[in-house]
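First to last, the sequence lines map onto chains X and V.
Per the working numbering, the first sequence starts with residue 1, numbered consecutively.
Per the working numbering, the second sequence starts with residue 166, numbered consecutively.
Hints were generated in silico from the structure; no laboratory data involved.
Incorrect hints may have been included.
[Stated by the list, open to error] What the simulated footprint calls covered on chain V by chain X, stretch by stretch (three residues with Cβ under 8 Å from a Cβ of chain X suffice, anywhere in the stretch; the number is not a length):
#, stretch
1, 168 to 182
2, 203 to 211
3, 258 to 272
[As the list claims (entries may be wrong)] In silico negatives: residues of chain X with every beta carbon more than 12 Å from chain V:
#, residue
4, P20
5, G36
6, D54
7, V58
8, E84
9, Q95
10, T96
11, S121
12, E124
13, S132
14, Q143
15, M155
16, K162
17, E163
[Claimed, not checked] Among chain V residues calculated to face chain X with C-beta under 8 Å, some are:
#, residue
18, A218
19, S223
20, M275
In this text, a Cβ means the ideal position worked out from N, Cα and C, and glycines have one as well.
If you want the building blocks of each chain, they are given just below.
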Amino acid sequence: MKHHINFKVNGDDYSLAVDPWRTLNEVIREDLNLTGTKLGCGTGDCGACTVLLDGRSVSSCLTLAVSVNGKSVMTVEGLAPSGEELHPIQEALIQTGGIQCGFCTAGMEMSALNLLNQTLSPSETEIKSALSGNLCRCTGYNQIVEAISMAADKMRDNAAEKEEQ
Amino acid sequence: MRLPKFEYFEPETLEEALRLLAEWRERVCVLAGGTDVLVKMRNGRLKPGAVIALERISSLNGIGFDLRKGLTIGAGAKLSDVTSHPDILRYYPAIARAARVMANVQVRNMGTIGGNLCNAAPSAENAPPLMALGAVVTAASLEEERRITLDDFFRGPGLTAMKPEEIMTSIFVPTPPANSGASYQRISARCGVDIAAVSVGAMIMIEDTVCREVRIALGAVAPVPMRALSAEAFLKEKVWSEEFLREAARISADESRPISDVRASLEFRKQMVAVMTQRALEEAYGRAIKR
Ligand SMILES: Cc1cc2nc3c(=O)[nH]c(=O)nc-3n(C[C@H](O)[C@H](O)[C@H](O)COP(=O)(O)OP(=O)(O)OC[C@H]3O[C@@H](n4cnc5c(N)ncnc54)[C@H](O)[C@@H]3O)c2cc1C
Ligand code: FES
Ligand code: FES
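Okay, chain V solo, but in the shape it has when bound:
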């Protein structure tokens, strides 16, 4: 089946893209890597009057790291660039892993991290580790530039806190605190190539065996990627132990709100939330005490 007809723009600056967006409003669709957009157009779920391709706006595509501040990933950075970036591999292995285990080589060579977040699938692969690490995204419109924490970003399947006239420019992730570690775990029916049935991102900071900071984010088990706030509250200020770890994993499963669908049943998802939460916390702990 052919794609529906549309007009096409390929601006080279953000300003130009934002002007086009303001002009065309809801009849336009922003295109990054196209791995969600073209699939939707092909199966008739999306029929835009015009498409604004962001790829040539070079200011959106970079990745920069400053040890004192943190990591800034351009919304248009390709997933394959995220997985191979030396600073991301070294300081943010959980982010590198999420981008590496998703989809397949071709999709990672085309798809962008910003596209993954803006598409706002409940299973959006990059969301849990970024949420666990306290990421903040920047959205620009002709009027202003504003920052939105990832915790406030997702509003429902396919819905975000961004306005139609905004473009996501970058994702900022603070430098992880000393003595902290993070992890990303996922499970799906056929290892990597298909969408995650359950995924968990976790970050913990350990001081003298006490969990001073804990952040757990769950993917694909609610209408939006969500924090496991009760599990976090339970672990916080506790001395690290196997028993508390298992209890935190159980609480995390309890507060998840999965549905049954083609990928997994509700009951299986709940059990897997516990397993993935435990694995993520264990790996994060191992990394925290090494650093």
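Excised from the complex, chain X in its bound form:
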């Protein structure tokens, strides 16, 4: 039996009927056509499928779509809603060369956002442990860690500027 669910994705309301055995990852990618979120391992190990659920990072491959009824999801598409102006995390990743094939990138960005929502002055250790659930087969991680630290600085400056105004 399909279940009717209402939930938000990147601020937009969705109302759909889903089979209970379908994962949030499947529904986001196949029904909503938001294919920025990837599917890697499907078992919680790689982080490619990371999204924010009510503000916290989760693996969409281990989340049942029915269970997000009434909740709010943010995917990588929500980071740069205009599709033109990039989020500071994304800009920094480009600058440091933290993106190669890009398969891990969406998940990395969501984990980085989860961290920067909690602190804008993370230590290197904090950045590394925030990324412990995200695997990258290409970059060797250093550029990604550097990018997040750079993005944090930028976001801190932006926040300070806003305060002054």
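Following the hints, put chain V with the ligands in place on chain X, whose structure we already have.
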């Protein structure tokens, strides 16, 4: 690979969940954070006819602390809430640490402490510190509510003392005695993200340099998380010393019953039990004499 098909229930009260459980019996699977259940379903080890999600039962999710009695953690409390709870950080740092060093951020944001215990892996991360601190879990069925000490809870890999018609509601941990301290230590191949190869929880109470109370619990070195009773008996009523500490660690390694598997060999595990036991006792001692 897709998940197998199942019916889905999302009760909002414990009563309703227990009724569904009684109705569906062995064809049903209780789902908390799903970080064990969904993995098992995906690799075909679990094919339930129905799933009962506990997440919306708010009475299962709270964390409460009363200095005179102790700590009550709802079985459905997320691991990330356990690691950040101010009273747990202050009075039960070993519990906070176990929940913090396991898995990764996403899994800790989804997974629950009750799920970790009910899943009953020999390496269940939260078991050793909770056992060392004398935790008692509450299990509810339609007929009754009963308390099970964590020492009696684990019965084998994936097996617990709970009946199929029961749901774990909470975990109670008494307030640690004065002059006591506890610690959790673990080792795995790649620091945090993978399952512990050896883990140790320890609690000691010191009075005038004498160890009045000692509890040591070992994870991942037997079919179930186990107490190191001989090491405990050896240390009890002894004056704290480096020499006794090392001997207790050796005894603890002796009584552990590890196997060789992909994560570590039997010999390595035994040596690490000694090292982790020593570190856990040292840290617990340091905390005990500070308080
Ligand atoms: C990538 C990854 C890394 C991991 N790393 C670790 C690690 O380092 N250490 C570790 O110990 N574990 C680890 N795990 C395992 C898992 O995350 C934990 O065991 C977690 O705490 C399980 O909680 P859950 O809420 O997700 O349980 P679920 O998967 O929802 O349930 C687990 C089991 O408990 C039962 N259950 C759950 N709640 C109740 C209840 N209230 N009453 C009765 N039965 C119940 C379920 O029916 C099921 O059998 C990891 C998992 C993944 C995917
Ligand atoms: S696809 Fe979800 S963690 Fe790998
Ligand atoms: S850039 Fe290829 S996996 Fe990270």
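*Could you work out which earlier hints the structure fails to respect and list their numbers in ascending sequence?*
Failing hints, ascending: 4, 6, 7, 13 and 19.
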